[in-house]
Every structure is written in C-alpha cells, then in structure tokens.
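Protein chains: 2
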Amino acid sequence: MIGVFDSGFGGLTVLSALLRELPDYDYLYLADSARAPYGARSAEVVNEFTLEAVEWLFEQGCPLVVLACNTASARALRNIQQLHLPKRWPDRRVLGVVRPSVEALAGIPVGTVAIPDQTAPAETSGLVAVLGTQATIASDSYGIELRKLAPRLRLLQQACPLWVPLVEAGELDGPGTEFFLRKALAPLLPPHEAPRRVLLGCTHYPLLLPALRRIVPAETEILDQGGLVAERLADWMRRHPEQEAKLTRGGTRRFCTTDDPAWFAARGEKLLGSPIRAERVRLRTA
Amino acid sequence: MIGVFDSGFGGLTVLSALLRELPDYDYLYLADSARAPYGARSAEVVNEFTLEAVEWLFEQGCPLVVLACNTASARALRNIQQLHLPKRWPDRRVLGVVRPSVEALAGIPVGTVAIPDQTAPAETSGLVAVLGTQATIASDSYGIELRKLAPRLRLLQQACPLWVPLVEAGELDGPGTEFFLRKALAPLLPPHEAPRRVLLGCTHYPLLLPALRRIVPAETEILDQGGLVAERLADWMRRHPEQEAKLTRGGTRRFCTTDDPAWFAARGEKLLGSPIRAERVRLRTA
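If you read the protein sequences in the order shown, they are chains C and D. Counting with the working numbering, you get residues 1 to 286 for the letters of the first sequence. Counting with the working numbering, you get residues 1 to 286 for the letters of the second sequence.
Heads up, a few of these hints could be off.
Ranges of calculated distance between the beta carbons of each label pair, as one might list FRET restraints [stated by the list, open to error]: (1) C/GLY61 <-> D/GLU221: 58 to 66 Å; (2) C/ARG282 <-> D/ASN79: 16 to 24 Å; (3) C/PRO175 <-> D/GLU269: 52 to 60 Å; (4) D/ALA186 <-> C/PRO210: 46 to 54 Å; (5) D/SER274 <-> C/ALA184: 49 to 57 Å; (6) D/ASN79 <-> C/PRO175: 39 to 47 Å; (7) D/GLN158 <-> C/PRO175: 17 to 25 Å; (8) C/PRO175 <-> D/ALA266: 46 to 54 Å; (9) D/ARG154 <-> C/ASP24: 56 to 64 Å; (10) D/ALA234 <-> C/THR285: 50 to 58 Å; (11) C/PRO187 <-> D/LEU189: 43 to 51 Å; (12) C/PRO190 <-> D/ALA186: 28 to 36 Å.
To spell it out: a stretch of chain D is covered by chain C in this simulated footprint if at least three of its residues, at any positions, have a beta carbon under 8 Å from a beta carbon of chain C; those stretches are [to be verified]: (13) 40 to 46; (14) 166 to 176; (15) 184 to 191; (16) 252 to 266.
Derived from the structure by calculation, the hints contain no laboratory data. All of these numbers come straight from a predicted model, not from anything done at the bench. Beta carbons: idealized from backbone N, C-alpha and C, even for Gly.
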C-alpha cells in the first residue's frame, strides 16, 4: 500500500496522476483537513503535524509514503528522512515532491540518476521559477535542491499567500482572483525576464491553471507537478526493486481525512472524476 | 483570571476592548494559531478544538472563559454550557460573543436583562445583518438567538469566505480585496434594502473596517463587536457578583499560542498597541 499525504484535498491532483501512471498498487490517501492549510504555519508545527500523519500511515501498513504536500515536503521531509526513519522505521521510505520537481525544473530527463554534487545532465543557463506557499518559499527547499543539481540555473521563488484560500473558496477565476494572481506573478511578467519554466509548487494551484495560462507569458512552460511526480516515482521504483517488492498490488483506494468525510468526498470526487467514500480518522499528537 | 480564547490573533480585538472596559482583572489569552482558521471546519471539529482550549484555560485557573471566536461561540458554546460544564466544571462559566451581539443588533439597551421567550425591550421591525464565516452562518446561531429576543426583526445572514485569509495576508484594502468585499456584501447593497445595523461577526473583520465603511450604505450602522461584548460582559459581572468575586484583580496579561510565539507577538502588538511576550503551549487532543 502506498500512503499519500496532503494537508487537504489538493493532493488528490498528485494521487490522480499516480493512479494513471501506477494503477495496480493499493493506495491510502490521508488529508489533515481539520488543520489545513499548512502554508502559513511555522516549521516546527509543520514538522509535528507531518510526522503524526506519516506515523499514522506507517501504522496502517504503508511501506512507502509520498508527501504530496509541498509545504510538508519542504519543511518536514529532511527531518523525517534523516532523523526519524533511521531511528524508528529503517525499512520504510518517505518521498516528497520537491526533489522530482527540481529535476523537472532543471530539465533532467526521467531515468537519469542525478547524483547530488556530481555533474548532472541539467541545463546550465536560464531562468526557472517556483510558486508556493509562504512556508515552502521561506524554507528555500527548492533553492537548496536546485543549487545541488543545476548550480548555474537561476531560480525565482515567489510566495502566493492567497491562492490556497481562493481555491478553497471556489474562486478559480474572475476579477478578484485575477488581481491576486497578477500580484504574485508580477516578478515573472514584463518588463521582467520570462522564465523558461514555472512550477506550480502547491497541490491547490493546478485548479487555477486556466486563469494562470492566460496571465503567464506564452513562452513559459507551466509544469504539471502531479504528472512529473508520478513519472519520477515510477522511475524510482524501477531503480529500487527491493522497495517496490514491498508494495501490495490489489488496486484498492482508501480515503481518510481528519475532518468531515462527506465534505472531503464531495471535493475529492470532482478532482478525481469518480465517486469516493471517505472515513474520518484521528491523528495522535506528539 | 479571565480566559479569552480565539482560533487566532483576531480575538485580540475583543481582548483590547475588555482591557479598556475592565482593566483591573488578570487575563490569559489563548490562540490556537496552529489550527486556525476555524471558519470552514465542521461542527464536530470546532467542538473538539474549542473544548480542548476551554479545558486548558480551566486548568490554568480561569473561572471564566470568553470565547472571542464567533465560529467557536456559534458551533461549540451551547454544547459546552449544556453538557460539558454541568458534568465536569459546575462552578466555571463560559460565555460567547453571539448572545451579546444579538442583543446589540436588536437594540436592547445594556443593563436590561433580556429573558428568552419573554417580551424583551427589543426593536420590533426592520432589517439587521450579520457577516460571518461559513461555519458561523451555517450554524444559524445568530438566527436562533435573534428569534428568541426579537422575533419580529428580520435578519440577513451572509457568509464571507475569503475575508479571514485576506486579513491574514495583510490585504486590508485595494482592488482585489474590494472585489471580494463587494461580492459578499451584494445582498446589503442597492437595489436591496439597506439594513439598519450590520454586525461584523468575526474577530478578523474589524481590520477591514476602513474599506467596509466605504462600501456599506451610509445609513447602516456597523457594530463594533469587541466594544459591545466588553460592555455587556461588564454588565453580566454586575448581575453575577458571585462569579465576579472569583476573578483575581492583579492587572496581569499572559499570551499563549499553539504556533510560533514570535509571529503571534508581532501580529498581536500591532492590534493591542503595546509590546507583548507570547508563549507556545500544546493542547491535549480529546
């Protein structure tokens, strides 16, 4: 069973891509809707909440957990991988969305093992951009990874404080939404240099894509994070057969949330395009 | 010591009014910033989180707790007063902001004990309005109370989904903010009837007051919830000397939050107009 965690329902955009790319596995999706969104919380709190979620997914029997949440990936993954797993769960794996996204931003082809601090087949010039929550951008996780993989690429990191609430409120387009999209996007728009690629570094942002595509310069490629994460996870599995072998292949999907399951199911069905049943669960506080 | 609880820092607008009206008492302010905002959460979750906060304030020694949060007052107060206090804390009191706000909306003078289901000195005709979070409006708490106290007044209840995120993002005015203020206010604006009074039924909304005053019809009075809650709490104390006698009068103020205390203090100082020191605390999950 593959555990997929997000602070809310937005991570279903990542799950949806995983189901297309790797449909045979069993999946357990967990949304911490009762405490979402994470994007403005401190590093300490994001760490605690994410650890509780990962612990719960491990207890449900997931050998592999994907942090679909950019804020959790940016703020908590390093700590979990370096301190928590070796001590408590040496046989489990937790992967995030930052590393595969940076590989895609840097133009590194899928299937190329990029070794940090060695010459990777990354592009060596130009400007790329990442859009994220305040917490993701403040963590500089995208900057840290990109400097390892493609030290000569320039990276523009832009926080987009209101975008998650706009999506949560169903305000996907219109004059008010466009105002706040343009405000955050200003450093990417004329007279500034248009980036070669821009990553939507938050699971909610793909829902703003029609409006964004109208505003972002035509020559800028907008990266689909769900798709690239799924593609690179499939590649990771091919390179880690001993981890892949632990994953059951029953094709089941289970959906859990820490708030109202009916509310979650209603939102989730729209994103996944198929009916779902959700359960409410409680996470243990540390 | 008087406990004052809000999901975030917005409740400091209520505390600020309490400090002006009743400065001699000791105060303990608790913000559940790690799980804020509550406005879109289910009744069940708001109940659980609020109960944890009240329990914590009781354990710190508060005989009286004021729920400055409209969502908590609307969703959790009745349950706490009717089920939780009699069973576990018969000598403690928890008061909310809905009842005093409805008294003010209905034009009931301070110092008039309004007895539910009896003829209260309320106005008997006209339209009043309350603006709140989705959870507050969905609870119909304002409607339920107003029908008891002033059954012949008409009440317009309007949810304002994006207003809290706008305030949290510091977007207090400007074209984008104005768009979403006007969108929620549409039922109060021409060609509709202008309400006699409108209550800002969320602790965040007073920060939008300059922009709101420009948009709301000139003949509509905008009620200051902090001020009216403080005034009516002072009156409640005069009518409940046995409760008032339990409150210590050392003039101390203590500020606690479940997320980063430095972030909270920075926001809080702006709202209170004086330097504060905050501590991080953890609430026990039920």
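Each hint, compared with the structure:
Between C/GLY61 and D/GLU221 the CB atoms are about 59 Å apart, so this pair conforms to the stated range of 58 to 66 Å. Here the CB-CB span from C/ARG282 to D/ASN79 is close to 18 Å, well matched to the stated 16 to 24 Å. The given range of 52 to 60 Å is broken by C/PRO175 and D/GLU269, whose C-beta atoms sit roughly 34 Å from each other. Taking 46 to 54 Å as the suggested C-beta distance range, the pair D/ALA186 and C/PRO210 does not conform, at roughly 24 Å.
For the pair D/SER274 and C/ALA184, the supplied restraint of 49 to 57 Å is violated, since their beta-carbon distance comes to about 33 Å. At roughly 41 Å, the beta-carbon separation of D/ASN79 and C/PRO175 lies within the given 39 to 47 Å, and the hint holds. Remark: the range hint 17 to 25 Å for D/GLN158 to C/PRO175 is upheld by a beta-carbon distance near 20 Å. Roughly 32 Å separates the CB atoms of C/PRO175 and D/ALA266, a value that falls outside the hinted 46 to 54 Å.
Separation of D/ARG154 from C/ASP24 is about 59 Å and conforms to the stated range, judged on CB atoms against 56 to 64 Å. For D/ALA234 and C/THR285, the hinted distance range of 50 to 58 Å is not satisfied, since their beta carbons lie about 37 Å from each other. Judged by the Cβ atoms, the range 43 to 51 Å given for C/PRO187 and D/LEU189 is violated: they are separated by roughly 36 Å. In this structure, C/PRO190 and D/ALA186 meet the distance hint of 28 to 36 Å, their C-beta atoms being roughly 34 Å apart.
Under a criterion of three residues with beta carbons nearer than 8 Å to beta carbons of chain C, the stated coverage of the stretch 40 to 46 of chain D is upheld, 5 such residues being counted. A stretch counts as covered by a chain when three or more of its residues have a beta carbon under 8 Å from one of that chain; for the stretch 166 to 176 of chain D and chain C the count is 7, and the coverage holds. Restraint check on the stretch 184 to 191 of chain D versus chain C: 0 residues with Cβ-Cβ distances below 8 Å, three needed, restraint violated. For a cut-off of 8 Å, the count of residues in the stretch 252 to 266 of chain D with a CB near a CB of chain C stands at 4, and the three-residue condition holds.
Hint compliance for this structure: hints 3, 4, 5, 8, 10, 11 and 15 are not met, and every other hint is.
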